[in-house]
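Chemist: Line order of the protein sequences matches chains A and B. In this text, residue positions in the first sequence follow the numbering used here: the first is 52, and each later residue adds one. In this text, residue positions in the second sequence follow the numbering used here: the first is 14, and each later residue adds one.
Read the hints as simulated data drawn from the structure, not as lab findings. A few of these clues could be false.
[Said to hold, decoys possible] Residues from chain B shown here face chain A by an in silico Cβ test under 10 Å; the list is partial: (1) Met-112; (2) Lys-121; (3) Pro-126; (4) Gly-141.
[To be verified] With a straight-line Cα cutoff of 30 Å, these simulated DSBU-like cross-link-like pairs (lysine-lysine) come out: (5) Lys-119(B) / Lys-172(A); (6) Lys-320(A) / Lys-205(B); (7) Lys-172(A) / Lys-193(B).
Glycine residues also receive a C-beta, built at the ideal position from the N, C-alpha and C atoms.
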Amino acid sequence: MRPVYIAGDNIITSMGFTTREVIHQLESGINGFQKYDDCSLTPTPVPLSLVHRDLLNAKFLEILVSCHPEMQEEYFTRLEKMFIVSIHEAVKETGTNLFGSNSLLVISTTKGNIELLEEGKKDFPDPGRIYLWKMADVIGTFFGFVNRPVVVSNACISGVLALSTAARLIDAGLYNHIVVAGGDLLSEFVISGFLSFQALSPEPCKPFDINRNGLSLGEGCGTVVISSEFKKSTVLTVSGSAITNDANHISGPSLTGEELAMAIGNALKEAGLKPDEVSFVSAHGTATPYNDEMESKALEIACLQDIPVNSFKGYWGHTLGAAGVIESIATIRSMENNLLFRSAGFNELGVPVPLNVIRENVHTPVQNCLKIASGFGGCNAAIVFRKM
Amino acid sequence: MNETCFITQSNIIRKHALIRNEKVELNNEIFVNFATFIKALYKKEAISYPKFYKMDNLSKLGFLGAEMLLKDNAFLDRYRKEEIGIVIMNSSSSLDTDMAYNETIKDKSNYFPSPSVFVYTLPNILIGEICIRHKIKGENAFLVTDQFDPGKVIESVKLLLDKDHAQACLCGWVEVLGDKFESVLFLIEKEKTVKEFNPARKYSPFTIESLTQFYQNK
Numbered sequence: 052m053r054p055v056y057i058a059g060d061n062i063i064t065s066m067g068f069t070t071r072e073v074i075h076q077l078e079s080g081i082n083g084f085q086k087y088d089d090c091s092l093t094p095t096p097v098p099l100s101l102v103h104r105d106l107l108n109a110k111f112l113e114i115l116v117s118c119h120p121e122m123q124e125e126y127f128t129r130l131e132k133m134f135i136v137s138i139h140e141a142v143k144e145t146g147t148n149l150f151g152s153n154s155l156l157v158i159s160t161t162k163g164n165i166e167l168l169e170e171g172k173k174d175f176p177d178p179g180r181i182y183l184w185k186m187a188d189v190i191g192t193f194f195g196f197v198n199r200p201v202v203v204s205n206a207c208i209s210g211v212l213a214l215s216t217a218a219r220l221i222d223a224g225l226y227n228h229i230v231v232a233g234g235d236l237l238s239e240f241v242i243s244g245f246l247s248f249q250a251l252s253p254e255p256c257k258p259f260d261i262n263r264n265g266l267s268l269g270e271g272c273g274t275v276v277i278s279s280e281f282k283k284s285t286v287l288t289v290s291g292s293a294i295t296n297d298a299n300h301i302s303g304p305s306l307t308g309e310e311l312a313m314a315i316g317n318a319l320k321e322a323g324l325k326p327d328e329v330s331f332v333s334a335h336g337t338a339t340p341y342n343d344e345m346e347s348k349a350l351e352i353a354c355l356q357d358i359p360v361n362s363f364k365g366y367w368g369h370t371l372g373a374a375g376v377i378e379s380i381a382t383i384r385s386m387e388n389n390l391l392f393r394s395a396g397f398n399e400l401g402v403p404v405p406l407n408v409i410r411e412n413v414h415t416p417v418q419n420c421l422k423i424a425s426g427f428g429g430c431n432a433a434i435v436f437r438k439m
Numbered sequence: 014m015n016e017t018c019f020i021t022q023s024n025i026i027r028k029h030a031l032i033r034n035e036k037v038e039l040n041n042e043i044f045v046n047f048a049t050f051i052k053a054l055y056k057k058e059a060i061s062y063p064k065f066y067k068m069d070n071l072s073k074l075g076f077l078g079a080e081m082l083l084k085d086n087a088f089l090d091r092y093r094k095e096e097i098g099i100v101i102m103n104s105s106s107s108l109d110t111d112m113a114y115n116e117t118i119k120d121k122s123n124y125f126p127s128p129s130v131f132v133y134t135l136p137n138i139l140i141g142e143i144c145i146r147h148k149i150k151g152e153n154a155f156l157v158t159d160q161f162d163p164g165k166v167i168e169s170v171k172l173l174l175d176k177d178h179a180q181a182c183l184c185g186w187v188e189v190l191g192d193k194f195e196s197v198l199f200l201i202e203k204e205k206t207v208k209e210f211n212p213a214r215k216y217s218p219f220t221i222e223s224l225t226q227f228y229q230n231k
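So here's chain B without its partners, still in its complex pose (with noise of 0.2 Å):
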């Protein structure tokens, strides 16, 4: 595990605070559910994407929160679009929509099985929007793990970074299940390019003790 990475970019979404870069948002909204809650921060980050009402409820929180993290920065500017790796990871993969979906074929009565809701029964679904949005082409992969783990996240990046799979990724683990939710993401550069772009600006090491801090962050 040669090269030394940084986190250049990070955010959080959950449903009582967005934490970008470290510095907190509160929301003071109460939100009813998931729906109104995704709704709403869609409309708050001014973004235009008519596809994003047909995406699955897991699907809209990773897309929202790639594109906090990809707005207002070089980050794509710097890479071609297949030097730019995906690992996303959750816990409850695509059980949200797995259930939707069982929903309309378990009644013999009243069944209508649609292949809108069953493409998002995979939860790498998630990285190909993200992909779509942004035209990344890289490497790609969709682990689930009990808990949000550093320790894995580090792993599976370093993977791609270390043997030039991949130049940067963003990564990091995005859950929703009914009501509960939460989306955790980062940015990953090398050092080498970090000190081209901003050689001045400290950024945080790539290690499990940042994003253990960066998580806890309530």
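One chain only, chain A, in its complex shape (with noise of 0.2 Å):
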């Protein structure tokens, strides 16, 4: 492959709006879960990791002032704003133009503005902004990106696979920068989708764990700037990755763990990197019983079973389109910092192959690293970062 390097990032929960502010809260070990029972949101009261809805107005009023004055703040939908300051965020650190024709804005997301659909919502200036290419139009046309937007919508693996396409597309020498912005928000429309599912755990979901009891969700924005030329100090790669599908159910994983064990296997080979090589998995670990105990399976098979693991939605959630990319940010700062992050709500083992799911913040050298997803649809990511 072509390196593909990473440039510039940020991440936006309800643990801060910048990488800086998350990483060190996570290195506090302080999770973002608060417990909601606002009925406009979920019927029944459980944790959420919400962004700070007057933190993201202030933070976007002043892009916006400085940005496009002649633009009404009442233009953009609160998930519009959300990508826009993480954009902003995470160009800013590369210090360089990258709107131009050999640029690109990549968005991840699985339901974009679908708060748009609610009642209290009918009297927004465009509703036309539930398409998701619009929203993305919108998001591109504020920057000034002179390329329209590719919009990403695969469910759970929405993150990983549009950080695949993008270094995809930066392999094939079709652009030299990408901006990859994956997000989403929580609405009733979400929550009582997986209420309706039984998936959500009455306490912040604890991946891995024998006591685990369903996954919870958070909302969230992750921007990753990748490029053939510019690079951050530590330089780091995207060096190889591959989708799968189980062909098995729409809801469930696969039984065997073997189809996202292959998508481990093919993005190690494009990465040239044996499994021992790998310092790190980042999992999904929704805290599911069935989803934790097929990677558990797809680990063993890929020969990952003794790679120090974690999942990192004990502290932000499952941020559904966001997830695959903020993971992947959290991922590189351990990566750039030779720190490991404790595996939140983790105590006692409970998947059937014995993972070694990180107890503790560990300094340790951290080279390469594997970060996964597997989601509805049956389908399933797996993407390489190496240091150079």
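Dock the two chains into a complex; use the hints.
Modeler: Written out as structure tokens, the structure reads:
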């Protein structure tokens, strides 16, 4: 593969508005959940990780006034504001103009502006923004991207698939810089759906733990800038990726984990790595009984059961279309800081394969990392990051 | 973008016509709505797959398009199931089912969210349904664009074929919103495979011109 460098990033979750803020909270072992009983969001009280509304607005207004003083705040939805703040921060870090004809914006989201279906949102000036491509156009135009954005919407692997697609586009020589931004909000729509599946944990989720009892939802946005030219001081690359499908069930994972293992094997092969050269695996780890069990089997098949593994979802929940991007950025920070993060919510192993789940933050050389994800529709994704 | 590829099968499903491998079959029946249309097409194609009735409209349409591409065709025998990629795009994602699901939660006195509806509020479930039916395990991608975009279809599929992430692809456009719908699907294979199984036959090259011309078939 042609080198695809990581050039900049940003995370927005309940734990902060920059990668630095969020990682600082991670290091302190704080999680971002609060129990909400706001009946406009959820009929049953559940822990949720929500982005601070007033702070998001304040950050957005600052950017709006400096970039587009002619535009009105009311023209943007809350999700669009979050995307714009996140992209603005990530691009600022690279210190270059990334919007020309050799650049592209890739947006990952599952539900986009789904809030516009709600009764209270009927007076939004442009109801057409329920279309994901239209939302992406608004974000792309805000920054002045010459090329029209690409929108990936592939359930819970959307973020990893967006990164994979972007890395392949650079590898193919079609673009030099790609801004990959993943984001989703929590709405009554999403929360009621997961409740109807009886998939939500009454306490903050406990990935891979024996007492895990379902997932916790979070909202957030993550942006990664990848480039064939610009790199950070710690040189990291995206060096392999692969997607597979279970061909088994639309809402339940594979019984064997073979298909996720196949994605992992293909991604490692492309990166030119053997399993024992992997320093860390950032798992999907939703904390539903079946997902974590399947992942443990897949990691065993891929000969990765002894490699340190965590799930970041115990900190800020399952952020849906943002998850793959945000968790990749946290992985990238592990590589930059040579620091592996404890898997929050984990106490006693509760999956059939004895995985090496990280119990305490540990300083150790972190060289090559794997991020994996699986989702509804039977999809699996794996992506490999390498330190050069 | 090095591999030369060909369109080895294609079809379009529209309200007034089915177009298979560029042959047009007109629909003379009057269909009241999407539901009656898709049921009639399912019967006409003589498919027996009980899960079809559980699918949402987007999955039903794309599923039938894929059936029409893959039946009476040795495509599936030519590849291992993990070598086949699926790339599908549309404009409204799963909005058709999103609106149906929203109806089940908007009235607190008549609140009945159902997991069997909610799961279809993701467009890639259609890809999952096609994979389950044919045991296809390769690369997947669902992308959203404002209209059928031949350039994007080619770009996304070539990313898979040129680097051997897939050896062949099922790809195209499946859009449903209310009673407006359209499915445009293709099988794309590499020149070296095509030469092996049918060296004499001329297939359309996988180019923007071919896709545009085929799409404009009325």
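Chemist: Less than 10 Å between beta-carbons is the criterion; does Met-112(B) satisfy it with respect to chain A?
Modeler: This interface hint holds because 7 Å falls under the 10 Å limit.
Chemist: Are the Cα positions of Lys-119(B) and Lys-172(A) separated by 30 Å at most?
Modeler: holds, 13 Å
Chemist: Should the hint that Gly-141(B) touches chain A count as held when the rule is a Cβ pair under 10 Å?
Modeler: Holds, because the Cβ-Cβ distance from Gly-141(B) to chain A comes to roughly 3 Å (cut-off 10 Å).
Chemist: Can the hint on Lys-121(B) be confirmed by a CB-to-CB distance to chain A that is less than 10 Å?
Modeler: This hint holds: Lys-121(B) lies near chain A, its Cβ roughly 8 Å from the closest one there, short of 10 Å.
Chemist: With a cut-off of 10 Å, does the beta carbon of Pro-126(B) approach a beta carbon of chain A closely enough for the hint to hold?
Modeler: holds, 4 Å
Chemist: Does Lys-205(B) sit within 30 Å of Lys-320(A), going by the straight-line distance between their CA atoms?
Modeler: holds, 24 Å
Chemist: Are Lys-172(A) and Lys-193(B) close enough, with their CA atoms no more than 30 Å apart?
Modeler: holds, 25 Å
This entry satisfies every hint, going by the numbered hints stated previously.
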